[in-house]
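Participant: Sequence:
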Amino acid sequence: MRMRTRLFLVLLSAVTLALWTGPSFSARPGGSVLKPGKETLKAPDPVVRRIQQALIQLKHYYGPANGRFSPELEKAIRAYQKKTGQRVDGRATKALANRLETASKVQALLQRLKKVRGQTIDAARQALMSRPDTRRLLEGDKREAAADPARDAAPCFRNPTARCLLTEATQSARAVFKPEMRDWALGEVLVAQARAGLSQEAMDTARRIQDPRLVMAALRDIAKSQARAGRGAEALAASEIIPDPLRRLEALEAIASIQAQKSETGDLPKILGRYMQALEKVSDKGKKVAFLARLAVIISRSGDGAAAALRLAEAERLARALSPASRRGPALRHVASGLAETGNPKRALALLKEVEDKTDHTPVLVTAAAAQARAGNAEEALATAAAIDAKRYRAVVLSRIAIAQAVAGEFAAARETVDKAYGAAEEIKMPFASDYAHNQVALALLEIGRKEKGDARLDYEEAIAKAKGVKDDKLRATLLWTIAAEQRRGGFADAASWTEKQAKAATEKIKSALSRVWMFGDMAVRRLKARKKEAAWAAFNRALSLTENIKNNWSRARALAKTATTLIELTEKL
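Going by the working numbering, the letters in the sequence shown line up with residues 24 to 597, in that order.
Some clues are possibly wrong.
Derived DSSO-like pairs (lysine-lysine); straight-line CA-CA distance at most 27 angstroms [to be verified]:
| no. | residue 1 | residue 2 |
| --- | --- | --- |
| 1 | Lys534 | Lys574 |
| 2 | Lys376 | Lys443 |
| 3 | Lys82 | Lys98 |
| 4 | Lys494 | Lys532 |
| 5 | Lys524 | Lys494 |
| 6 | Lys534 | Lys491 |
| 7 | Lys556 | Lys497 |
| 8 | Lys310 | Lys138 |
| 9 | Lys491 | Lys524 |
| 10 | Lys574 | Lys527 |
| 11 | Lys524 | Lys474 |
| 12 | Lys476 | Lys574 |
| 13 | Lys534 | Lys524 |
| 14 | Lys534 | Lys497 |
| 15 | Lys443 | Lys476 |
| 16 | Lys527 | Lys556 |
| 17 | Lys304 | Lys293 |
| 18 | Lys474 | Lys443 |
| 19 | Lys497 | Lys555 |
| 20 | Lys476 | Lys452 |
| 21 | Lys105 | Lys128 |
These aren't lab readings, by the way, just hints derived from the structure by calculation.
Work the whole structure out from these sequences, hints included.
Facilitator: Here it is in structure tokens:
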């Protein structure tokens with residue numbers, strides 16, 4: 024009996040001990056088990072929980088987010104560290120938690136963008152399929168024919184025409200493997216084709232673009248290019264087949280803007296009528312305000328100030344009716360910019376006081392200051408510029424005010440304003456913004472030297488000194504070429520030769536041959552506008568020579584399109 028009692032007590036003690044200490048192991052998802060250690064006695068760790076949650080989001084871990092470290096979690100951490108090239112130690116640290124959370128947010132953003140991309144592609148496809156004249160752009164085999172390996176482009180580079188350059192551009196684009204990169208190149212080729220008057224070829228190129236969104240943009244670009252080439256009727260007809268109202272408005276805006284600047288504006292009322300018809304189909308009131316404000320600016324340039332004022336009044340009524348207030352502010356900002364550009368900066372600045380968000384103030388202040396400077400109100404322009412908080416914008420505006428002062432013959436005041444612009448540029452922290460501001464300061468000095476009668480040598484030397492503040496190779500090279508051209512124009516041949524050497528050295532530092540082609544193409548057009556035909560052709564020939572030696576098909580196709588467009592600008596014929 025005593026033996027049984029003693030045995031019973033031993034068993035009872037064992038059961039009690041087992042109940043008191045809990046289970047000897049804990050189950051884990053997936054059938055794995057984790058033997059108890061010190062971690063099971065601790066409270067959940069918030070850092071561990073953050074790591075678990077982020078790894079679950081990234082699909083690297085499928086266990087619980089309970090804040091407790093486990094072999095499964097350590098394994099997941101090690102796998103993630105190895106995959107991302109980090110030191111593999113399996114430790115759960117705050118630094119790892121921060122890194123994982125950032126990666127998780129980036130992935131979530133990419134997933135949202137992918138979803139939106141799919142929706143916009145579907146919407147563009149449906150819009151294109153809704154019209155017989157655009158449906159054919161999506162139908163048929165989109166597979167790209169192989170480039171002709173036996174072709175010889177050498178004769179085209181010896182005796183270039185826009186047509187042969189664009190034919191070679193098309194062949195180069197065919198050899199681009201990635202569809203999105205090929206679409207990009209084809210988009211630029213078709214713009215050049217439309218500019219050259221090759222409308223059917225441009226539509227054929229549009230048919231080869233795979234992304235429906237880019238097809239829609241291509242239709243807009245074809246219409247805009249035809250307008251720039253002076254083919255208004257063709258441009259208007261091209262805009263009619265664009266199924267998306269916003270894209271159609273963008274095309275009509277370009278057509279109207281070009282027509283408004285002509286001495287004969289007979290077709291403008293017809294274009295504006297089409298514009299208003301397209302605007303009626305835009306449901307977003309905020310976008311409607313922006314389009315109306317820009318339309319007012321176009322009408323103002325045609326000389327009809329009264330009609331422009333009516334459109335701005337309509338835009339303001341729409342803007343004030345918007346709710347909530349967060350939408351009203353940006354809309355009023357568009358109206359204020361329109362007022363400034365149509366010659367009413369005082370009213371624009373008064374309206375700006377009703378806009379609470381300070382970020383909406385900067386573009387209006389920039390536009391208002393420029394309008395005041397053009398009107399000869401330099402003091403008012405300087406006061407407006409002083410209200411611009413962002414130095415990267417203030418420096419640029421001050422440079423433009425200085426140019427306006429030089430045009431008015433106020434050279435001492437212009438130099439004083441340039442000094443203010445340079446001071447603002449020196450305080451800009453962002454590299455490219457700083458480069459751009461220094462570039463504008465140097466260009467202002469060149470303009471002062473050009474306008475002032477007398478020895479401009481000091482202005483050119485100071486511009487070269489300011490160019491040292493430009494670190495971006497392309498901007499610096501462009502600036503030095505511009506300074507050299509001005510020195511040569513002013514009769515300073517030796518100084519021009521020295522600056523040209525500096526410009527060539529800066530050009531050699533531009534890593535991308537495509538960027539160099541773009542620079543010389545733009546330079547050729549600027550020189551042509553300045554009636555420097557010989558210098559314009561010299562820049563074009565540099566672009567052509569660079570293009571011939573580009574081997575990468577994507578870069579070559581784009582460079583050929585740019586070179587063809589430049590040639591059209593120089594000759595206005597095939």
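Participant: For each hint, tell me whether it holds in the structure or not.
Facilitator: Hints versus structure:
1. Among the hinted pairs, Lys534 with Lys574 is consistent with the structure: their alpha-carbon atoms are about 14 angstroms apart, no more than 27 angstroms.
2. Our distance criterion of 27 angstroms between C-alpha atoms is met by Lys376 and Lys443, whose separation comes to about 26 angstroms.
3. Our distance criterion of 27 angstroms between C-alpha atoms is met by Lys82 and Lys98, whose separation comes to about 13 angstroms.
4. The straight-line distance between the Cα atoms of Lys494 and Lys532 is roughly 11 angstroms, inside the 27 angstroms bound, and the hint therefore holds.
5. Between Lys524 and Lys494, the direct Cα distance comes to roughly 17 angstroms. Compliance with the 27 angstroms bound is thereby established for this hinted pair.
6. Simply put, Lys534 and Lys491 have alpha-carbon atoms about 19 angstroms apart, close enough for the 27 angstroms limit, and the pair holds.
7. Of the supplied pair hints, the one linking Lys556 and Lys497 holds, its CA atoms being roughly 23 angstroms apart against a limit of 27 angstroms.
8. For the given pair, Lys310 sits about 23 angstroms from Lys138 by alpha-carbon distance, which is consistent with the 27 angstroms threshold.
9. As the CA atoms of Lys491 and Lys524 are separated by approximately 15 angstroms, the hinted pair is consistent with the 27 angstroms bound.
10. Proposed proximity of Lys574 and Lys527 is supported: the alpha carbons are some 22 angstroms apart, at most 27 angstroms.
11. Between the alpha carbons of Lys524 and Lys474 the distance comes to roughly 26 angstroms, so the proposed pair stays at or under 27 angstroms and holds.
12. A hinted pair counts as satisfied when its Cα atoms are at most 27 angstroms apart, and Lys476 with Lys574 does not qualify at roughly 48 angstroms.
13. The straight-line distance between the Cα atoms of Lys534 and Lys524 is roughly 18 angstroms, inside the 27 angstroms bound, and the hint therefore holds.
14. Proximity of Lys534 to Lys497 is assessed by CA-CA distance (about 9 angstroms); at most 27 angstroms being required, the pair is judged to hold.
15. As the CA atoms of Lys443 and Lys476 are separated by approximately 23 angstroms, the hinted pair is consistent with the 27 angstroms bound.
16. Pair hint Lys527 plus Lys556 holds up; C-alpha atoms about 20 angstroms apart against a cutoff of 27 angstroms.
17. Between the alpha carbons of Lys304 and Lys293 the distance comes to roughly 18 angstroms, so the proposed pair stays at or under 27 angstroms and holds.
18. Straight-line distance between C-alpha atoms of Lys474 and Lys443 comes to about 20 angstroms, which keeps the hinted pair within the 27 angstroms bound.
19. Distance restraint check for Lys497 and Lys555: the Cα-Cα separation of roughly 22 angstroms lies within the 27 angstroms cut-off, and the hinted pair is therefore satisfied.
20. Pair hint Lys476 plus Lys452 does not hold up; C-alpha atoms about 36 angstroms apart against a cutoff of 27 angstroms.
21. Our distance criterion of 27 angstroms between C-alpha atoms is met by Lys105 and Lys128, whose separation comes to about 20 angstroms.
Hint compliance for this structure: hints 12, 20 are broken, all remaining hints hold.
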